Each structure stands twice: as structure tokens, then as C-alpha cells.
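Undergrad: In terms of this note's numbering, the sequence shown is residues 1 to 128.
By construction, these hints were calculated from the structure, which means they are not laboratory data. Predicted model only: the values in this text are computed from it and were never measured. Heads up, some of the hints might be wrong.
[Claimed, not checked] Under the rule of at most 25 Å between Cα atoms (straight-line distance), these lysine to any residue pairs were calculated in the SDA-like manner: (1) K107 x L117; (2) K107 x R36; (3) K107 x Y126; (4) K107 x G124.
[As the list claims (entries may be wrong)] Label pairs and their in silico Cβ distance ranges: (5) E112 x S21: 35 to 45 Å; (6) L123 x H23: 38 to 48 Å; (7) H23 x R110: 34 to 44 Å; (8) H72 x E121: 33 to 43 Å; (9) R109 x D50: 35 to 45 Å; (10) R127 x D20: 38 to 48 Å; (11) D20 x E121: 34 to 44 Å; (12) A31 x E111: 30 to 40 Å; (13) K107 x R39: 17 to 27 Å; (14) R106 x L49: 20 to 30 Å.
Here a beta-carbon is modelled for each residue, glycine too, at the ideal position from N, C-alpha and C.
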Amino acid sequence: MTDFTPFEDLLRGHAGLLEDSTHDRWVRAQALFEERAYREAAVLLTELLDDPGDVVHELTDVRLLLARSLFHSAQLDGTIRVATELLEHDPNEPYAHLLLGRSLQRKGRREEAQPHLRLAELLGGYRT
């Protein structure tokens, strides 16, 4: 790769050399999150949800990492949407309740946030 590789190609891992499997995108999204490149991770994770392909891991994991990426990049409306979708599939996911509650708090919707923050504390021991 050169210093002039387009951003989209870097995200997708395309340098014309490697096949871009679903697993590769998942691993790359996790690495971007660990590097605190939250917006870039969110792009890859959104693509994974739009086209899950041969995903062998739970989509709950993808949704949770996407919600975390959106939250850390201050995309609160996206965090609320994804955390709500995640909770529709897995209502006992404590970290999703925490993300949803904190996002609602940040948007000034404290009353809506309280039940989710309480559930995060009860289900996962998260202090709120």
C-alpha cells in the first residue's frame, strides 16, 4: 500500500491482494475499535449488519460493538437506534441497556434513561 491508498480501500482491506471475507471485516472492525477509530469501526460494522454474509458469530456481538462505536464517537441517535434494536433481539443484554440509558441521558431524556440504567445495574452490575 502507498500513502495514497483511498480511505474506503483501507476500510475494506482492499489493496487488490486479499479477499475481503466477513470474518476479515469483523476482525478489522474490532481492531479499529481497539485503536479508538470508532467512526471507521462503525462503518464496517454497519456494512456487516447490512450484509452479514457467512457470519458465524452472533449478530448481537456486531450490534453491541456498533452501539459502542457510535456512543464513543458521540453519534447518540445511532446509538439509541442500534441499542434498541439489540434489546429487541436480546432484552437481557446489560451493556446495551447501559449504552441506551447513557445516550438518552446525554440527549436530556433522563426519565426515559432511568429504567435502562437500573436494568444495566441489576443485570450487569454497572454503576450508574
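Undergrad: Between K107 and R36, does the CA-CA distance stay at or below 25 Å?
TA: This hinted pair holds, its Cα atoms lying about 23 Å apart.
Undergrad: Starting from the range 38 to 48 Å, see whether the pair R127 and D20 falls in it by beta-carbon distance.
TA: Holds, at about 40 Å.
Undergrad: Honestly, do E112 and S21 meet the 35 to 45 Å range at C-beta?
TA: Holds, since E112 and S21 (Cβ atoms, about 39 Å apart) stay within the stated range.
Undergrad: Are D20 and E121 spaced within 34 to 44 Å by their CB atoms?
TA: With a Cβ separation near 40 Å, D20 and E121 satisfy 34 to 44 Å, so the hint holds.
Undergrad: Is it true that K107 and R39 lie within 17 to 27 Å of each other by Cβ?
TA: holds, 19 Å
Undergrad: Decide if the proposed pair is consistent with the structure: K107 and Y126, CA atoms, cutoff 25 Å inclusive.
TA: holds, 20 Å
Undergrad: Is K107 within 25 Å of G124, Cα to Cα?
TA: holds, 23 Å
Undergrad: Per the hint of 20 to 30 Å, is the separation of the Cβ atoms of R106 and L49 within bounds?
TA: With a Cβ separation near 23 Å, R106 and L49 satisfy 20 to 30 Å, so the hint holds.
Undergrad: How does the Cβ-Cβ distance of R109 and D50 compare with 35 to 45 Å: does it lie in that range?
TA: With a Cβ separation near 28 Å, R109 and D50 fall outside 35 to 45 Å, so the hint is violated.
Undergrad: Look at the Cβ atoms of H72 and E121 and judge whether their distance stays inside 33 to 43 Å.
TA: 21 Å Cβ-Cβ, so the 33 to 43 Å window is violated.
Undergrad: How does the Cβ-Cβ distance of H23 and R110 compare with 34 to 44 Å: does it lie in that range?
TA: holds, 40 Å
Undergrad: Does the hinted range 30 to 40 Å hold for A31 and E111 at CB?
TA: holds, 38 Å
Checked against the numbered hints given earlier, the structure breaks hints 6, 8, 9 and satisfies all the rest.
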